[in-house]
Amino acid sequence: MRIEQHPILDFKRGNKIHFTFDGKEVFGYEGETISAALHASDIVKLSESFRTHRPRGLFCAIGHCSSCLMTVDGIPNVRICVTNVKDGMIVESQKPRGGIV
Amino acid sequence: MMKEENIVICRCEDFTLKELRELLEQGFNTVEEIKRVARLGMGPCQGKTCGPLIKREIAKYTKQKIEDLDREASRPPYGGIMFGQVVGDDIEK
Amino acid sequence: MIKTDLLVVGAGPAGMAASISAAKNGINVILLEENERVGGQLIKQTHRFFGSQKEHAGIRGIHIAEDLKKEIESYKNIELMLSATLMGIYEDGIFTVLKDDKMIKIKPEKTIMATGAFEKYLLFENNDLPGIYGAGAVQTLMNINGVLPAKKVLMIGSGNIGLIVSYQLMQAGVEIAGVIEASNKIGGYMVHAAKLKRLGVPIYTSHTIEKAIGNERVEGALLHKLDSNWNKIEGSEFEIDCDCICLAVGLSPLTDILFQSGCAVKYLPELGGYVPYRDEHLETSIKGLYVAGDVSGIEEATGAMVEGEIAGLHVAGTLKQDDKIFERIKEMKEELRSLRAGPVGHKIREGLSKLYDEIYVEEDEFPEVYDIEFFRKTGTPSEENLKAVMPDEERLNKGPVAVTECFQRIPCDPCVYSCPYNAIKPFEDMNELPEVIFEKCIGCGICVGKCPGLAIFVLNKNYSETTSTVTLPYEFLPKPAKESIVDVLDRSGAKICEGKIIRILDGKAQDKTSIVTVEVPKEFYNQARNIKVVL
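Chains A, B and C, in that order, give the protein sequences. Per our numbering: the first sequence = residues 1 to 101. Per our numbering: the second sequence = residues 1 to 93. Per our numbering: the third sequence = residues 1 to 535.
Keep in mind the hints are simulated off the structure, nothing from the lab. Think of the CB as a built atom: it goes at the ideal place given N, C-alpha and C, for glycine as much as any other residue. Among the hints, a few may not be true.
[Unchecked claim] Simulated pairs of lysine to any residue, SDA-like, Cα-Cα distance not exceeding 20 Å:
{"hint": "1", "chain 1": "C", "residue 1": "Lys120", "chain 2": "B", "residue 2": "Leu53"}
{"hint": "2", "chain 1": "A", "residue 1": "Lys12", "chain 2": "C", "residue 2": "Lys69"}
{"hint": "3", "chain 1": "C", "residue 1": "Lys120", "chain 2": "B", "residue 2": "Asp14"}
{"hint": "4", "chain 1": "B", "residue 1": "Lys35", "chain 2": "A", "residue 2": "Ser49"}
{"hint": "5", "chain 1": "B", "residue 1": "Lys60", "chain 2": "C", "residue 2": "Asn231"}
{"hint": "6", "chain 1": "B", "residue 1": "Lys3", "chain 2": "A", "residue 2": "Pro55"}
{"hint": "7", "chain 1": "B", "residue 1": "Lys65", "chain 2": "C", "residue 2": "Ala264"}
{"hint": "8", "chain 1": "A", "residue 1": "Lys95", "chain 2": "C", "residue 2": "Arg217"}
{"hint": "9", "chain 1": "C", "residue 1": "Lys266", "chain 2": "B", "residue 2": "Thr30"}
{"hint": "10", "chain 1": "A", "residue 1": "Lys95", "chain 2": "B", "residue 2": "Lys65"}
{"hint": "11", "chain 1": "B", "residue 1": "Lys65", "chain 2": "C", "residue 2": "Leu355"}
{"hint": "12", "chain 1": "C", "residue 1": "Lys102", "chain 2": "B", "residue 2": "Met82"}
{"hint": "13", "chain 1": "C", "residue 1": "Lys151", "chain 2": "A", "residue 2": "Asn77"}
{"hint": "14", "chain 1": "C", "residue 1": "Lys266", "chain 2": "B", "residue 2": "Asp70"}
{"hint": "15", "chain 1": "C", "residue 1": "Lys105", "chain 2": "C", "residue 2": "Tyr90"}
{"hint": "16", "chain 1": "C", "residue 1": "Lys99", "chain 2": "A", "residue 2": "His6"}
{"hint": "17", "chain 1": "C", "residue 1": "Lys99", "chain 2": "A", "residue 2": "Pro55"}
{"hint": "18", "chain 1": "C", "residue 1": "Lys266", "chain 2": "B", "residue 2": "Gln85"}
{"hint": "19", "chain 1": "C", "residue 1": "Lys347", "chain 2": "B", "residue 2": "Glu67"}
{"hint": "20", "chain 1": "C", "residue 1": "Lys99", "chain 2": "B", "residue 2": "Gln85"}
{"hint": "21", "chain 1": "C", "residue 1": "Lys266", "chain 2": "B", "residue 2": "Asp14"}
{"hint": "22", "chain 1": "C", "residue 1": "Lys508", "chain 2": "A", "residue 2": "Asn77"}
{"hint": "23", "chain 1": "C", "residue 1": "Lys333", "chain 2": "C", "residue 2": "Arg349"}
{"hint": "24", "chain 1": "B", "residue 1": "Lys65", "chain 2": "C", "residue 2": "Lys266"}
[Claimed, not checked] Reference listing, derived: stretches of chain B covered by chain A, where coverage requires no fewer than 3 residues with Cβ under 8 Å from a Cβ of chain A:
{"hint": "25", "region": "22-29"}
{"hint": "26", "region": "45-58"}
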């Protein structure tokens with residue numbers, strides 16, 4: 001869910017764009033990170049841990065912990081919390097090792 | 001008390017507290033040894049999340065103070081980098 | 001290879017302050033930042049800052065970040081490199097940087113590392129479930145992206161970050177299930193705790209989290225109580241409902257890249273972990289390599305900016321050989337000393353004394369004036385505390401008067417400068433506590449909106465024969481309408497009565513802190529400290 005009204009902040013959103021996450025269409029706004037757009041659509045489970053398949057989501061959201069790695073437009077191991085959404089982007093969850101392309 | 005097999009100590013390598021304590025009992029008692037045998041601290045976050053907690057466990061187990069433990073080595077490059085980014089331009093400026 | 005006078009790594013508050021102070025003195029600076037924008041964690045801080053008025057106190061963190069950004073852009077001798085990550089520090093003084101998919105080499109004369117800190121992780125069952133976030137993540141989602149992090153958050157940690165982020169979550173419309181603190185005392189500033197308590201947020205001291213509950217995401221948590229030896233009290237477990245667990249259990253300096261330089265470091269838990277040895281001008285054991293901000297030791301953003309300025313000035317002074325610069329350094333060192341001189345600077349002074357092998361001065365230069373043990377345990381001031389700052393009956397009956405519910409020594413002085421009638425006694429040092437000169441005070445309420453702790457209230461006991469008014473700061477939506485009836489809450493967030501809104505000041509000068517005057521039955525004038533807008 002997005003915050004529409006805030007007592008201190010004014011959120012200026014860019015143009016609305018569409019991208020896909022594991023084949024599902026998700027919308028976001030220009031200037032947003034992929035993780036924010038997914039979270040706004042209530043997608044909080046981002047991957048499964050590679051050995052024990054435990055569900056995983058964000059942790060630090062500022063590019064330090066590498067909990068949010070996904071394959072974006074074919075490139076594996078992209079930190080989606082510091083990557084902005086673009087119209088038509090193809091985002092796929094990955095087993096945390098990613099692939100060797 | 002808490003079920004150690006449900007406590008994750010290293011998110012990147014998917015390692016639990018129980019498994020770490022088993023390693024300690026097997027005799028792997030330094031950060032560098034644990035790094036090499038279980039890859040803890042070698043994942044994408046390079047030990048940011050697990051590092052301090054692993055050191056605390058080692059300190060407790062070996063009855064030392066954290067400040068007396070050997071630190072892990074730190075070498076370039078910092079963070080993930082792709083070959084293309086290093087090789088890139090053919091002429092050095 | 002790019003050559004320059006000064007390379008500053010990290011464009012958070014410390015890095016920006018360092019770049020500006022160096023550039024001001026004619027130094028050529030390259031400011032490196034791995035993110036797409038400058039500001040570091042400062043761009044998420046919607047609250048007003050503490051410290052001294054001279055150094056940004058009273059201003060919201062987000063605005064300080066904007067001001068610093070504009071200042072950086074105004075200097076032609078600061079080259080800002082965004083989306084540029086420092087990859088390596090080499091013995092020959094070369095720094096490799098990844099920018100635009102290419103490795104570039106920089107050889108600076110001097111370097112200031114201002115890489116900040118990262119969040120500590122906590123061990124409990126299922127601590128990796130989706131919905132368990134660091135405090136920074138929660139702030140990024142709600143304050144940068146405008147996305148609700150959750151519906152109901154359980155906050156682990158009652159330090160300043162835990163308290164401030166809880167307040168910000170409530171401003172964003174998120175419920176707080178509780179603030180959990182393992183120690184028997186609240187860790188952060190009392191004014192932050194008081195703000196939460198009067199919103200009705202429960203603060204559980206001597207408690208910890210045992211388990212996160214949920215299959216695919218957080219659905220709740222299991223907590224238990226601790227005894228005085230930090231051991232679990234058997235049978236004290238209870239479940240609490242939440243869909244997000246926020247960890248605010250401390251920060252550690254982000255020194256990974258700094259270690260590549262081979263500088264001498266020491267493990268100091270008081271400062272958050274491994275910190276580099278450095279002299280009083282923040283130069284490390286590697287000549288020409290400085291540190292500033294959280295990477296030198298976890299502190300507040302105000303301290304980070306002062307450290308950044310000292311390091312930047314020292315670089316400039318060394319390269320330019322200018323005595324005027326060294327004079328300014330002396331002033332800034334005094335500012336830093338003052339920030340750390342009171343009881344809240346205890347831990348940092350202890351850590352620093354171990355670094356310098358100095359004799360640790362246990363005693364605070366400004367010991368607490370009031371007994372705040374009760375405040376520390378509950379988040380609400382004691383009856384004695386409140387009595388001590390109340391004017392006498394005669395003055396209370398005469399007309400509106402300001403009451404400062406500020407009992408803890410923190411480095412903070414905006415209130416003194418806020419009063420147009422100079423009715424708050426001037427400070428000699430920012431660690432002093434405010435004292436209202438009741439004869440001068442006319443109860444205008446301007447100070448109510450300027451106090452960063454939102455701890456000043458104006459009481460008009462004899463507004464009418466049967467009612468009083470209380471003027472209080474309000475930073476939530478929806479804003480109350482004039483003449484509307486609202487619920488009135490006490491310092492613990494409990495509803496004590498209903499009240500009528502008499503006045504709301506919400507102009508540009510108030511900068512989003514509405515100054516609300518509510519009329520209440522006279523018997524409640526000394527308990528009414530918050531309102532709840534009922535729709």
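Would the hint linking lysine 95 of chain A and arginine 217 of chain C be met if the CA-CA limit is 20 Å?
18 Å, holds
Pairwise hint evaluation, leucine 355 of chain C against lysine 65 of chain B, where the allowed Cα distance is 20 Å at most:
The hint holds at about 17 Å.
Tell me if the straight-line CA distance from lysine 266 of chain C to glutamine 85 of chain B falls inside 20 Å.
34 Å, violated
Is it true that the CA of lysine 102 of chain C sits at most 20 Å from the CA of methionine 82 of chain B?
Holds, at about 10 Å.
So if I understand the rule, the pair passes when the alpha-carbon distance is 20 Å or less; does lysine 12 of chain A with lysine 69 of chain C pass?
It holds: about 19 Å lies between the C-alpha atoms, which stays within 20 Å.
Tell me if the straight-line CA distance from lysine 95 of chain A to lysine 65 of chain B falls inside 20 Å.
37 Å, violated
If you count the residues of the region 45-58 of chain B with a beta-carbon closer than 8 Å to a beta-carbon of chain A, do you get 3 or more?
n = 3 at 8 Å, threshold three: holds.
So if I understand the rule, the pair passes when the alpha-carbon distance is 20 Å or less; does lysine 347 of chain C with glutamate 67 of chain B pass?
Given pair lysine 347 of chain C, glutamate 67 of chain B holds - Cα atoms ~17 Å apart, limit 20 Å.
Whether chain A covers the region 22-29 of chain B (at least 3 residues having a Cβ closer than 8 Å to its Cβ atoms):
The restraint on the region 22-29 of chain B is violated, since only 0 of its residues have a Cβ under 8 Å from chain A and three are required.
Hinted pair, alpha-carbon criterion (20 Å max): lysine 99 of chain C, histidine 6 of chain A. Please report holds or violated.
The given pair, whose Cα atoms are some 36 Å apart, is violated under the 20 Å limit.
Would the hint linking lysine 333 of chain C and arginine 349 of chain C be met if the CA-CA limit is 20 Å?
Roughly 14 Å between the alpha carbons, so the hint for lysine 333 of chain C and arginine 349 of chain C holds.
Lysine 65 of chain B and alanine 264 of chain C were given as a pair; does the straight-line alpha-carbon distance stay at or below 20 Å?
Answer holds: lysine 65 of chain B to alanine 264 of chain C is near 18 Å, not above 20 Å.
Hints 10, 13, 16, 17, 18, 21, 22 and 25 from the earlier list are contradicted by this structure; the remaining hints agree with it.
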